[in-house]
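> With chain A held as given, fit chain B onto it using these hints.
2 protein chains.
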Amino acid sequence: MNIKEYMHTLGQQAKQASRPIAKANTGVKNVALITIAKKLQNDRQNILAANQRDMKNGRTNGLDAALLDRLELTPDRFKTMVAGLEQVASLPDPVGEISDMKYMPSGIQVGKMRVPLGVIGIIYESRPNVTIEAASLCLKSGNACILRGGSEAIDTNQVIASSIHAGLVESGLPENSVQIINTTDRAAVGELITMPNFVDVIVPRGGKGLIDRISKESRVPVIKHLHGVCHVYIDAEANEEKALRIALNAKTQRYGTCNTMETLLVSSVLADSILPKLASLYEEKGVELRGCDKTMSVIDSINPASEEDWDEEYLAPILSIKVVQSIDEAIAHINQHGSEHTDAIVTENYTRSRQFITEVDSSSVMVNASTRFADGFEYGLGAEIGISTDKIHARGPVGLEGLTSQKYIVLGDGHIRT
Amino acid sequence: MNIKEYMHTLGQQAKQASRPIAKANTGVKNVALITIAKKLQNDRQNILAANQRDMKNGRTNGLDAALLDRLELTPDRFKTMVAGLEQVASLPDPVGEISDMKYMPSGIQVGKMRVPLGVIGIIYESRPNVTIEAASLCLKSGNACILRGGSEAIDTNQVIASSIHAGLVESGLPENSVQIINTTDRAAVGELITMPNFVDVIVPRGGKGLIDRISKESRVPVIKHLHGVCHVYIDAEANEEKALRIALNAKTQRYGTCNTMETLLVSSVLADSILPKLASLYEEKGVELRGCDKTMSVIDSINPASEEDWDEEYLAPILSIKVVQSIDEAIAHINQHGSEHTDAIVTENYTRSRQFITEVDSSSVMVNASTRFADGFEYGLGAEIGISTDKIHARGPVGLEGLTSQKYIVLGDGHIRT
Numbered sequence: 010m011n012i013k014e015y016m017h018t019l020g021q022q023a024k025q026a027s028r029p030i031a032k033a034n035t036g037v038k039n040v041a042l043i044t045i046a047k048k049l050q051n052d053r054q055n056i057l058a059a060n061q062r063d064m065k066n067g068r069t070n071g072l073d074a075a076l077l078d079r080l081e082l083t084p085d086r087f088k089t090m091v092a093g094l095e096q097v098a099s100l101p102d103p104v105g106e107i108s109d110m111k112y113m114p115s116g117i118q119v120g121k122m123r124v125p126l127g128v129i130g131i132i133y134e135s136r137p138n139v140t141i142e143a144a145s146l147c148l149k150s151g152n153a154c155i156l157r158g159g160s161e162a163i164d165t166n167q168v169i170a171s172s173i174h175a176g177l178v179e180s181g182l183p184e185n186s187v188q189i190i191n192t193t194d195r196a197a198v199g200e201l202i203t204m205p206n207f208v209d210v211i212v213p214r215g216g217k218g219l220i221d222r223i224s225k226e227s228r229v230p231v232i233k234h235l236h237g238v239c240h241v242y243i244d245a246e247a248n249e250e251k252a253l254r255i256a257l258n259a260k261t262q263r264y265g266t267c268n269t270m271e272t273l274l275v276s277s278v279l280a281d282s283i284l285p286k287l288a289s290l291y292e293e294k295g296v297e298l299r300g301c302d303k304t305m306s307v308i309d310s311i312n313p314a315s316e317e318d319w320d321e322e323y324l325a326p327i328l329s330i331k332v333v334q335s336i337d338e339a340i341a342h343i344n345q346h347g348s349e350h351t352d353a354i355v356t357e358n359y360t361r362s363r364q365f366i367t368e369v370d371s372s373s374v375m376v377n378a379s380t381r382f383a384d385g386f387e388y389g390l391g392a393e394i395g396i397s398t399d400k401i402h403a404r405g406p407v408g409l410e411g412l413t414s415q416k417y418i419v420l421g422d423g424h425i426r427t
Numbered sequence: 010m011n012i013k014e015y016m017h018t019l020g021q022q023a024k025q026a027s028r029p030i031a032k033a034n035t036g037v038k039n040v041a042l043i044t045i046a047k048k049l050q051n052d053r054q055n056i057l058a059a060n061q062r063d064m065k066n067g068r069t070n071g072l073d074a075a076l077l078d079r080l081e082l083t084p085d086r087f088k089t090m091v092a093g094l095e096q097v098a099s100l101p102d103p104v105g106e107i108s109d110m111k112y113m114p115s116g117i118q119v120g121k122m123r124v125p126l127g128v129i130g131i132i133y134e135s136r137p138n139v140t141i142e143a144a145s146l147c148l149k150s151g152n153a154c155i156l157r158g159g160s161e162a163i164d165t166n167q168v169i170a171s172s173i174h175a176g177l178v179e180s181g182l183p184e185n186s187v188q189i190i191n192t193t194d195r196a197a198v199g200e201l202i203t204m205p206n207f208v209d210v211i212v213p214r215g216g217k218g219l220i221d222r223i224s225k226e227s228r229v230p231v232i233k234h235l236h237g238v239c240h241v242y243i244d245a246e247a248n249e250e251k252a253l254r255i256a257l258n259a260k261t262q263r264y265g266t267c268n269t270m271e272t273l274l275v276s277s278v279l280a281d282s283i284l285p286k287l288a289s290l291y292e293e294k295g296v297e298l299r300g301c302d303k304t305m306s307v308i309d310s311i312n313p314a315s316e317e318d319w320d321e322e323y324l325a326p327i328l329s330i331k332v333v334q335s336i337d338e339a340i341a342h343i344n345q346h347g348s349e350h351t352d353a354i355v356t357e358n359y360t361r362s363r364q365f366i367t368e369v370d371s372s373s374v375m376v377n378a379s380t381r382f383a384d385g386f387e388y389g390l391g392a393e394i395g396i397s398t399d400k401i402h403a404r405g406p407v408g409l410e411g412l413t414s415q416k417y418i419v420l421g422d423g424h425i426r427t
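Protein sequences, first through last, are from chains A and B.
When we follow the working numbering, the leftmost residue of the first sequence carries the number 10, and every step to the right adds one.
When we follow the working numbering, the leftmost residue of the second sequence carries the number 10, and every step to the right adds one.
Chain A with its partners taken away, still in its complex shape (with noise of 0.2 Å):
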């Protein structure tokens, strides 16, 4: 079979498979999640085994200690792995809800239920526990799913797939309804994204060069996350304190993550008094500065930032610092250089806090509170498939309701239209 057939093949049978999970009720898919859990703990041996011959290969092959270390799945990574099941199992089922049902002047009554999307396909990096969670969340969310992980995990992906496919036939759910590329040609993503017929929706997770290359080639809607240049904007009316605390954990908790903050714009107000003592911390912490002039004329001995540190998603310790006028010049800069995804204005002022809010045109805006904290977890939805950098359908971290869309009911008793 050719690679158009294989991937025709998966696609028709994710399609039949999408009916009967989509209508598999909360407690089927909880006792699915849990068998599934079972099945990768009675199968531990086999697929740490093939996770050491894909780290074995990968050495041959001269991957990079970082793609390495996401590669490994160590005895603790196993581990939260499967409690990762556990954990979808507890969430709130988003399938059926329905809502804001009203009676209409007709007589019809009218309102929203929330469905699965159908089949959603997910291309990822080389790494087995996104396999996992990527299976968890589709399943939970009533979709059927394709999922092509990176080349370097074939193996350990290919023995986790029988696990999944033995958790799902033992509870009564649609062997198809997850489904694991079995080949590294890459051909198979080309026509992954080039089924609208068999597939509802694609979630790209990589960098952004992948990313980008898959919605300029997709016949399928995307859901994708470009990148993250976030910025924190300190106001005139700032409190120091907590400027400072926001300051230092948006840019140093972690370097490479995409709610990093890479860019902190200081009001004109505060940049002799403040600027000095963030230089001084930042400098503990060993991150770079780049400055804007002005900036360079308070802090000494950094290094001038030039017009494209201002797009840039650094993913590292260097952050770069503009000085700037007014709240409309720090909006102005963030909508312009930004990436939609999110940014912190510290401010005691309530006009400028609503105007930030309402403004700033990106997937989250925060007031007083550290740009880390755009997460799926941390707002509360239990788990995330990714962060949307898109505008339709979900902005922001995308949990089990974004894996969903909502259907209108319309209740009668004989009603016509007249």
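Just so you know, not all the hints are guaranteed correct.
Pairs involving identical chains hold if they fit within one copy or between any two copies, as the list cannot separate such chains.
[Said to hold, decoys possible] Mimicking DSSO-like on lysine-lysine, the simulated pairs with C-alpha atoms at most 27 Å apart in a straight line are:
#1 Lys24 - Lys217
#2 Lys416 - Lys251
#3 Lys111 - Lys233
#4 Lys225 - Lys88
#5 Lys286 - Lys111
#6 Lys217 - Lys416
#7 Lys111 - Lys294
#8 Lys24 - Lys233
#9 Lys88 - Lys47
#10 Lys233 - Lys65
#11 Lys294 - Lys251
#12 Lys251 - Lys286
What the hints contain is simulated information worked out from the structure, not anything from laboratory work.
Relative to chain A, chain B alone:
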């Protein structure tokens, strides 16, 4: 300026206008809508004269009667068009609505705020009243828009554009928040749907062929209405009187609308008793019936339905009828042959009503009500930009809310992540 440059200029201008229009408050937007209504009223003679030129060109070019009818702005239609602006002004503003603000264990308060999508591109047929409808809905929902009406209406639309611009400017809103493409060159559509930097979403309105093509070629998310193959299923436990009333209304109240029933499914339990009564009702209205074998054995002298009939959107006084053995067969038929638009069951049975609502995967699912109710006005949306048969973002009738999205807002008091 060539078409590409022209469209990029429109895109850039729309993007620029999208910020001020997004933050315009409800009062200002309402005043603008009323002011545009006044300008249209003042420009009435010019608009009607332009429309007569379009009509004359249409006749010269051999447009058929139906197209000419839709193109014509009669005095009555002009009045309705202007009144539509006042109606949109009276609707609640969806922008800025804050919901679900909840405290999290970390102490932050997290909720959602409804926000405009940004720039909306709308492609529609030669119906000048749609220009006003689309412009007013985008304006009220805080979006900038680029409108592309059918080429036959170009003169009318250009004069309407001047009235809209005059109204916007007088109200202090950016002129470019509504732009109407001033060329009939088809390449303009190709550009409009491939400018993701400037356009956030495309709403195509028109025939299935056009919408299919736009979906395929668009580099921008599309909110689309493909077609309506709607069903009524008369269950074994239907109340006969309700069944007859609904089946008649769903087919014959209007033939050319997307929510008109195209296939009637009848439980085998009732077939012998109800089909002759239905046949005589439809005969009175001059509806051509096409039946399955069982239907043909009960009703004399009707045509057999071919396999293609089950997938057909007739938009005409034609109805295909199929007798089914069970609700499962009915649901399977709908999910296979329907267009995920609107489907109804007639039943007094509690369990089967719930099953139908849950398992039929359509944007509107109804119990004991006519499919003809699937409409933004009947659903209380106050307006409708179209009916979506998509699965993500919005399903079913799309009103002002469908032209918005929700971002997360986070309120803290100096909170950092630990």
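> Hint by hint, say whether it matches the structure.
So, going through the hints one by one against the coordinates:
When the C-alpha separation of Lys24 and Lys217 is checked against a cutoff of 27 Å, the pair qualifies only between copies, where the shortest distance is 23 Å, while the shortest distance within a copy is 29 Å. In this assembly of identical chains, the alpha carbons of Lys416 and Lys251 lie at most 27 Å apart only when taken from different copies (24 Å versus 44 Å within one copy). Taking CA atoms no more than 27 Å apart as the test, Lys111 paired with Lys233 passes between copies only; the shortest distance there is 26 Å, against 34 Å inside one copy. In this assembly of identical chains, Lys225 and Lys88 lie within 27 Å of each other by CA distance neither inside one copy nor across copies; the values are 37 Å within and 44 Å between.
In the homo-oligomer, the alpha carbons of Lys286 and Lys111 never lie at most 27 Å apart, since the shortest distance is 56 Å inside one protomer and 34 Å across protomers. Only between protomers do Lys217 and Lys416 lie at most 27 Å apart by alpha-carbon distance; the minimum there is 22 Å, versus 33 Å within a single protomer. For a Cα distance limit of 27 Å, the shortest separation of Lys111 from Lys294 qualifies neither inside one copy, at 56 Å, nor across copies, at 33 Å. Proximity of Lys24 and Lys233 under a CA criterion of 27 Å is satisfied in both settings, with 22 Å inside one chain copy and 21 Å between copies.
In this homomeric assembly, Lys88 and Lys47 come within 27 Å of each other (Cα to Cα) only inside a single copy, at 11 Å, whereas the closest approach across copies is 68 Å. Within a single copy, Lys233 and Lys65 get their C-alpha atoms no closer than 32 Å, and across copies no closer than 48 Å, so neither meets the 27 Å cut-off. Taking identical chains as interchangeable, the C-alpha atoms of Lys294 and Lys251 lie at most 27 Å apart only when both belong to the same chain, with a minimum of 18 Å there against 74 Å between chains. Proximity of Lys251 and Lys286 under a CA criterion of 27 Å is satisfied intra-copy only: 13 Å inside one chain copy versus 76 Å between copies.
Consistency with the previously given hints fails for numbers 4, 5, 7 and 10, ordered from lowest to highest.
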